[in-house]
Amino acid sequence: MTPVHNKILFIGPMGAGKTTAIQTLSDDMAANTEVRNSNRDMYDKATTTVAMDYGAIQLDDEQLVHLYGIPGQKHFEAVWPVIAKGAIGAILLVNASQPDWQNDMLYFLNAFPQLVTSGSLVVAINRGSDQQQLQILELLSQQNLCLPVLLTDPRDRGQLVMTLEILIANLEIETLIHE
Amino acid sequence: MNNVATPLISNTLRAACLERIKEAQSGSGGIEFLLLATSDGYSICHTIPASQDIQPSRLAAMAASFSGISDGLAANANKQSANGSIIETGHGLLVCRQIKSSRHELVLLAAYDKSTNHGLALWSLNNAAKQIANVLEHYN
Amino acid sequence: MNLSVKTFGFTPYEVELIKEQIRVTSNKTTGQWSFEGEGTDADLVLARVPCQGQHKVQVPLYGFPLPADRRQQDVVYLKSEWPLRIFGLLEIFRQAESVCTARTSLPASKPAESAELPATIQLAQQAARIKDGQSLSVEAADNRCYVRLFDGQRLVLSNLPIETLASRLVAANSLRFESVKHIDSQYRTVTPLKSLLWSMQLQQPVSANDIDNWNNKTHRLLAWPALGQYKTSSFMFRLCTLLTKQSTSIQNAARLANTSEDNVVRFLTACQLVGTPISSTESPARGLPDLAPKMTVNRPVTPPAEQQLSLLQSLRNKLRKALS
Ligand SMILES: Nc1nc2c(ncn2[C@@H]2O[C@H](COP(=O)(O)OP(=O)(O)OP(=O)(O)O)[C@@H](O)[C@H]2O)c(=O)[nH]1
Ligand SMILES: [Mg+2]
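Chains as they are written, first to last, in numbering that gives the first Met the number 0: chain A, 0 to 178; chain B, 0 to 139; chain C, 0 to 323.
FYI, nobody ran anything at the bench for these hints, they're computed from the structure. Note that CB positions come from ideal geometry on N, CA and C, so glycine has one too.
Covered by chain A, per the in silico footprint, the following chain B stretches (three or more residues, Cβ under 8 Å):
id	region
1	36 to 43
2	49 to 63
3	68 to 79
Derived, one-sided and incomplete: chain A residues facing chain C with beta-carbon distance under 10 Å:
id	residue
4	I87
5	R156
6	I165
Please take these sequences and the hints and turn them into a complete structure.
Below, the structure is given as structure tokens:
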């Protein structure tokens with residue numbers, strides 16, 4: 000029997016809020032691999048993810064939806080495909096208060112081409128403005144990419160749910176048109 | 000997204016650590032190389048010969064990931080936290096050991112040749128780790 | 000020919016430099032180019048950050064690599080290097096002049112009788128005419144609101160929540176417009192005009208005429224609308240997904256997104272009103288399936304569709320439950 004795919008991936012640069020988002024969405028305490036951040040120049044926060052985040056949403060019928068987060072720092076790039084394997088969709092988090100955030104976003108789109116070409120990816124900007132949301136939509140269309148872009152605070156469950164709803168709609172349509 | 004050198008490790012500390020891992024390697028047989036990294040995956044020093052086609056920065060990141068997973072696995076199995084972990088290969092062992100001081104959290108990775116057994120490998124790596132821990136206390 | 004140029008997203012220092020460069024080129028161009036400050040409504044926009052707006056030509060100077068074949072409907076993009084040089088700027092002006100001449104010689108469409116149009120379209124047309132700093136009073140039955148152009152953005156000032164205002168304007172159907180100087184301070188709810196137009200359009204009754212406009216063609220969205228700035232629901236998410244993936248007829252869109260044809264028409268018109276680019280293609284015959292050319296993408300192995308869909312549905316239910 001082919002298993003139903005049920006893994007959603009959270010990607011994005013350091014400090015974008017992947018660990019935070021998975022904590023917010025998980026039914027139980029999410030598991031993570033946080034260690035002390037020795038590179039406060041890169042991003043000033045106490046800890047950083049070195050391998051993965053893991054959380055789950057329990058559905059009524061005993062099924063689980065697995066939430067995986069990657070370590071965002073670029074030197075962990077070799078780990079990304081390991082964590083990403085089998086994911087049906089992804090939320091790309093970007094922190095618009097970081098200096099090079101637009102290029103960071105493009106970097107991650109390049110690193111996960113499969114999720115981008117199948118359209119199974121939602122861009123979730125945090126600490127950004129309506130204006131920045133429009134900028135990103137414009138930037139994507141100039142790259143010939145057509146992806147949903149939202150403003151999302153990863154500490155806010157309601158906003159994350161909206162992001163997931165869009166991903167679900169995306170996956171439903173993908174499933175239907177490839178049936 | 001440039002990789003910046005880790006700011007918390009001073010050059011003197013780096014040099015002292017390099018000294019210790021070189022000693023450790025020459026003092027016990029079977030070690031192919033040692034690599035010391037921060038727990039968030041930045042290489043501090045290593046003894047990987049330039050002739051070998053190995054990228055120390057990549058190895059540092061993966062050793063940190065591996066240690067991170069080991070810790071997570073231990074915690075989720077109610078074993079609190081991991082001290083180290085072992086990878087068995089057909090070409091010898093890879094062993095990670097975590098080293099913590101009040102200011103630093105590091106990972107020491109050692110690669111052994113095919114002839115070295117588990118006991119020997121763990122014993123020699125423990126010694127090396129103790130030496131490094133000593134250095135860390137000194138420079139705190 | 001009088002032409003306007005604006006900059007967008009530059010530092011004040013950079014703006015000064017550009018202003019000076021434009022001054023230097025002033026007697027070397029065919030058209031009369033005047034620099035009109037920062038903004039996105041001009042014939043030509045030099046942009047340091049990606050932007051949309053009422054302009055014919057844009058020179059993107061963001062420092063991002065851009066692919067050659069960009070799909071943008073109304074805006075022509077010209078390549079140039081940053082920092083600008085005088086010769087580069089002259090070349091931009093020369094090319095922009097030819098674009099603008101070509102555009103202005105197109106026949107202007109006949110202005111329609113505004114009273115016959117749906118309320119949403121009446122409002123969109125009237126609001127498009129106001130100039131910076133001006134205000135427009137909009138009256139419908141016993142309700143009133145104002146539209147004001149502020150800093151290049153059209154804003155609605157109202158004393159009602161936006162959704163309530165939208166339904167009252169649509170219900171009233173015939174709107175009265177008047178240019179005004181003063182806005183009463185009780186109109187305190189400020190919303191972008193686009194959000195109001197979107198909400199109105201999605202409540203607007205659909206006429207046979209509206210359906211005709213979209214029928215016998217397939218439609219494709221070239222970008223997602225700015226979600227979050229507009230009121231959305233899950234059928235719209237499905238429509239967005241579908242229509243950004245492939246050009247689809249309104250009938251097939253309704254079927255696949257599990258909604259009515261009227262909703263598809265409302266949605267497409269709403270996208271049009273807020274400036275989401277849509278490309279429409281004549282379809283050979285009514286009712287033919289337009290799903291044949293599938294996107295060729297690398298996809299992970301698809302499990303049985305039914306199971307996958309039921310998992311997604313349970314996830315959606317769970318998420319909604321958790322929120323309520
Ligand atoms: N003020 C504010 N803070 C936010 C917002 N989103 C995230 N944060 C904070 O930003 C930080 C994000 O950190 P993490 O969740 O660890 O980031 P990460 O993406 O997992 O980073 P790495 O694991 O290092 O790659 C947290 O401290 C969040 O509380 C936001 O929208 N507003
Ligand atoms: Mg993290």
